[in-house]
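Could you build the full structure based on these sequences and the hints that come with them?
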Amino acid sequence: MLSQKHWAKHNLRSVTISDTMRTKQELFPQVTKKNKADYIVSFWIDNKRYRYSNGLPIGLDLSPNLYPPLERYRQAEILCSAFTLAIRNGWRPSVLQEQVTTINSIAKKTLRRKLLCDYSHTYKRDLIYTESKWSEYLKKVNLTQKPIKQLSVDVIKDFVYECSPSSSSMANLKRNISSLLRDELEANGVVLNFSKIKLPKSPQRLHKPLTDIRPIMGDIRQFNDNLFLCCLMTYTMLLRPHREVRCLSFGDFNSDFSQVSLSGSKVKSKRNRILPVPKGVRSEIIKRYQGVRSNNVFTLDDYCFNRD
0 MLSQKHWAKH NLRSVTISDT MRTKQELFPQ VTKKNKADYI VSFWIDNKRY RYSNGLPIGL
60 DLSPNLYPPL ERYRQAEILC SAFTLAIRNG WRPSVLQEQV TTINSIAKKT LRRKLLCDYS
120 HTYKRDLIYT ESKWSEYLKK VNLTQKPIKQ LSVDVIKDFV YECSPSSSSM ANLKRNISSL
180 LRDELEANGV VLNFSKIKLP KSPQRLHKPL TDIRPIMGDI RQFNDNLFLC CLMTYTMLLR
240 PHREVRCLSF GDFNSDFSQV SLSGSKVKSK RNRILPVPKG VRSEIIKRYQ GVRSNNVFTL
300 DDYCFNRD
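In terms of numbering that gives the first Met the number 0, the sequence shown is residues 0 to 307.
Simulated from the structure, these hints should not be mistaken for lab results.
Cβ coordinates follow ideal geometry from the N, Cα and C atoms, glycine included.
Any given hint could be a false lead.
To be verified - Using C-beta positions, here's what the derived DEER-type ranges look like: (1) Gln203 - Asn223: 28 to 38 Å; (2) Met236 - Asp117: 48 to 58 Å; (3) Asp300 - Tyr72: 41 to 51 Å; (4) Leu115 - Ser282: 40 to 50 Å; (5) Ile285 - Gly263: 22 to 32 Å; (6) Gly263 - Gln203: 31 to 41 Å.
Claimed, not checked - Dumping the calculated EDC-like pairs for lysine to aspartate or glutamate here, alpha-carbon to alpha-carbon at most 16 Å: (7) Lys148 - Glu185; (8) Lys132 - Glu161; (9) Lys113 - Glu130; (10) Lys107 - Glu135; (11) Lys138 - Asp125; (12) Lys286 - Asp255; (13) Lys107 - Asp125; (14) Lys197 - Asp153; (15) Lys197 - Glu161; (16) Lys32 - Asp60; (17) Lys33 - Glu185; (18) Lys113 - Asp125; (19) Lys267 - Glu243; (20) Lys132 - Asp157; (21) Lys33 - Glu76; (22) Lys207 - Glu185.
What follows is the structure, encoded as structure tokens:
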């Protein structure tokens, strides 16, 4: 049995802990994990939980999950501090804004933002196509002007199944529509579990290695010398042909053409790449070199071939 004095202390301590927990839920944003790699900022206001993965609702252009994995938590803490400051200054999630934000508008808003970013041409093209098909589908099912609260995983699943030209393209369409919808939905307090969309598995194709590459490379060289050099670089240096090889200039090589250095702006991974140049590639580059370092390796001029 507790004495009256000890009971009073115990009771006071319980009330203090309870008040602290309630205050923490209602007023203090916290960084929580959305999955193994991504983070969100969550908090409670008026017994309602809000979760945000970016700072757009408070006018801050910060998306922690777009950073490299090791930097995401630190950026999420910065985002959390920004929400804390905004709440202290009187900001609250706008219920009116949630009601008037339509399903059709969020994909268009995300598309405009992503087209301004330094993504690949093919990725932007896929997003444009996906947004177009999504708008057509919403119009067909009469959801264009509906508030985002009425959007469900089943609607997105039906879209993926109906608008994919083949079973093998379903995964790509699902990934693109998720990229267009997820962040904006969560920024407005709507969290959907895209992992519930189960797709049929398509059979894998077995690609067997070529036993003798020399005759094939010889045929390619007879067909087109530029294509031969592109294939040679792709095969021996593992460079991506569409941009990393196509945009190579003689200035990307060192003085004796034994090494090539590519800055992050020319590489898909956005990281610098420094590679040794095999003898076969080096001899082909030296044959083409006309003394102008700024010239493109394939056009032999100050421009490169277009993407097609």
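Here is what the structure says about each hint:
1. Gln203 - Asn223: 28 to 38 Å: 31 Å, holds
2. Met236 - Asp117: 48 to 58 Å: Since Met236 and Asp117 have Cβ atoms about 24 Å apart, the given range 48 to 58 Å is violated.
3. Asp300 - Tyr72: 41 to 51 Å: 47 Å, holds
4. Leu115 - Ser282: 40 to 50 Å: Holds: the Cβ-Cβ distance is about 42 Å, inside 40 to 50 Å.
5. Ile285 - Gly263: 22 to 32 Å: 27 Å, holds
6. Gly263 - Gln203: 31 to 41 Å: This hint holds: roughly 33 Å between Cβ atoms.
7. Lys148 - Glu185: 11 Å, holds
8. Lys132 - Glu161: 10 Å, holds
9. Lys113 - Glu130: 12 Å, holds
10. Lys107 - Glu135: 13 Å, holds
11. Lys138 - Asp125: Not satisfied, since the Cα-Cα distance of roughly 20 Å exceeds 16 Å.
12. Lys286 - Asp255: 12 Å, holds
13. Lys107 - Asp125: 14 Å, holds
14. Lys197 - Asp153: 11 Å, holds
15. Lys197 - Glu161: Holds. Lys197 to Glu161 sits at ~14 Å (cutoff 16 Å).
16. Lys32 - Asp60: Not satisfied, since the Cα-Cα distance of roughly 20 Å exceeds 16 Å.
17. Lys33 - Glu185: 11 Å, holds
18. Lys113 - Asp125: Between Lys113 and Asp125 the Cα gap is close to 12 Å, so the pair holds against 16 Å.
19. Lys267 - Glu243: Satisfied, since the Cα-Cα distance of roughly 8 Å is no more than 16 Å.
20. Lys132 - Asp157: Holds. Lys132 to Asp157 sits at ~12 Å (cutoff 16 Å).
21. Lys33 - Glu76: 14 Å, holds
22. Lys207 - Glu185: 44 Å, violated
Violated hints, in rising order: 2, 11, 16 and 22; the structure is consistent with all others.
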